[in-house]
Amino acid sequence: MHTAQDIEQAIRAEANPDKAKTLSGFFKTGKGEYGEQDIFIGIPVPVTRNIVKQYLDTPLDQLEILLHNPVHELRMAALLCMVEQFKKADANRREAIYHTYLSNISYIKQTGIWSIYPQHKSSEAISKKQDHTPLYRLAQSSLIWEQRISIVSTWQWIRKGRFDDTLAIADILLYNKHDLIRKAVGWMLREVGKKDKIRLCTFLDTRYRDMPRTMLRYAIEKFSPEERQHYMQK
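Counting from 1, position 96 in the sequence shown corresponds to residue 710 in our numbering; the numbering is continuous, with no gaps.
Simulated from the structure, these hints should not be mistaken for lab results. Among these hints, one or two may not hold up.
[Said to hold, decoys possible] Quick list of the computed label-pair ranges, beta carbon to beta carbon:
| no. | residue 1 | residue 2 | range |
| --- | --- | --- | --- |
| 1 | Leu781 | Lys633 | 38 to 44 Å |
| 2 | Thr617 | Ser838 | 53 to 59 Å |
| 3 | Asp675 | Arg626 | 16 to 22 Å |
| 4 | Thr617 | Ser755 | 27 to 33 Å |
| 5 | Asp793 | Arg751 | 20 to 26 Å |
| 6 | Ser720 | Cys815 | 34 to 40 Å |
| 7 | Glu709 | Lys808 | 27 to 33 Å |
| 8 | Leu757 | Asp819 | 45 to 51 Å |
| 9 | Thr820 | Asp671 | 48 to 54 Å |
| 10 | Asn664 | Pro631 | 33 to 39 Å |
| 11 | Lys774 | Glu709 | 18 to 24 Å |
| 12 | Tyr789 | Ser717 | 27 to 33 Å |
| 13 | Arg823 | Gln668 | 51 to 57 Å |
| 14 | Ser838 | Leu788 | 23 to 29 Å |
[Said to hold, decoys possible] BS3-like mimics (lysine-lysine), calculated; alpha carbons at most 27 Å apart, straight line:
| no. | residue 1 | residue 2 |
| --- | --- | --- |
| 15 | Lys633 | Lys667 |
| 16 | Lys774 | Lys809 |
| 17 | Lys633 | Lys702 |
| 18 | Lys808 | Lys836 |
| 19 | Lys774 | Lys797 |
| 20 | Lys702 | Lys797 |
In this text, a Cβ means the ideal position worked out from N, Cα and C, and glycines have one as well.
My request is simple: use the sequences and hints to build the entire structure.
Listed below in structure tokens is the structure:
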């Protein structure tokens, strides 16, 4: 069994100060920016993935230690390890990973944005639950990362032609003031439209005049120029 310290040593051995500066700027870690206090040590995700493959037997309690670390790449390593473990886990193990993920969302910050995409099996676990209450709780959180996870997680249902939760959470976040949330909601609405354009148009028809423009532009990106012009009119 490996430990959090084993993974941390392997990750830090690949640190790149020049890359760290670039990533810190990209993820807005300056004072007052949305990524403030997030620390980068300059390791690309593919490198982190390769390192993680050597530590897939790491227990959840050790991965949880990494999730609490202020270093972005260490939290990413823990999440990627959870993803790989989930793929081969039995039902009980998947349940444990699911609860570990949800109980540590406040520590995940930006890392959660990438890890919650469709390849993230904790997201898939959420989608299989009969009780979708956790996502609505996240949508009503004051933390932008929890809000974003709530809407992006619904991609699992969109892919299966189930749109109710996406649209309901989009309504909760409809007037959110943060650009990241507006983009995320618009993105998921666009995905709904790819599956069922009529359903998306029905949603937009009673909301487009008041929706944030960024959200709306993302939602109608695949529409014809004439349709986009119609919806962009106040």
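Evaluation of the provided hints:
1. Leu781 - Lys633: 38 to 44 Å: 39 Å, holds
2. Thr617 - Ser838: 53 to 59 Å: Roughly 56 Å apart at Cβ, these two residues keep to the hinted range, so it holds.
3. Asp675 - Arg626: 16 to 22 Å: Hint holds: Cβ distance 21 Å, inside 16 to 22 Å.
4. Thr617 - Ser755: 27 to 33 Å: Given a distance of about 31 Å, which is inside 27 to 33 Å, the answer is holds.
5. Asp793 - Arg751: 20 to 26 Å: 23 Å, holds
6. Ser720 - Cys815: 34 to 40 Å: 37 Å Cβ-Cβ, so the 34 to 40 Å window holds.
7. Glu709 - Lys808: 27 to 33 Å: Check passed, 32 Å falls within 27 to 33 Å.
8. Leu757 - Asp819: 45 to 51 Å: Because 31 Å falls outside the window, the suggested range is violated.
9. Thr820 - Asp671: 48 to 54 Å: Holds - the Cβ-Cβ distance for threonine 820 and aspartate 671, about 52 Å, lies within 48 to 54 Å.
10. Asn664 - Pro631: 33 to 39 Å: Once the Cβ atoms are compared, 20 Å apart, the range 33 to 39 Å for proline 631 and asparagine 664 is violated.
11. Lys774 - Glu709: 18 to 24 Å: Given a distance of about 21 Å, which is inside 18 to 24 Å, the answer is holds.
12. Tyr789 - Ser717: 27 to 33 Å: The hint (27 to 33 Å, Cβ to Cβ) holds, given that tyrosine 789 and serine 717 are roughly 29 Å apart.
13. Arg823 - Gln668: 51 to 57 Å: 54 Å, holds
14. Ser838 - Leu788: 23 to 29 Å: Roughly 24 Å apart at Cβ, these two residues keep to the hinted range, so it holds.
15. Lys633 - Lys667: 22 Å, holds
16. Lys774 - Lys809: Answer holds: lysine 774 to lysine 809 is near 9 Å, not above 27 Å.
17. Lys633 - Lys702: Since the Cα atoms of lysine 633 and lysine 702 sit roughly 33 Å apart, the hinted pair is violated (cutoff 27 Å).
18. Lys808 - Lys836: 8 Å, holds
19. Lys774 - Lys797: Holds, at roughly 22 Å.
20. Lys702 - Lys797: 33 Å, violated
Violation of the numbered hints given earlier is confined to hints 8, 10, 17 and 20; the remaining hints are satisfied by the structure.
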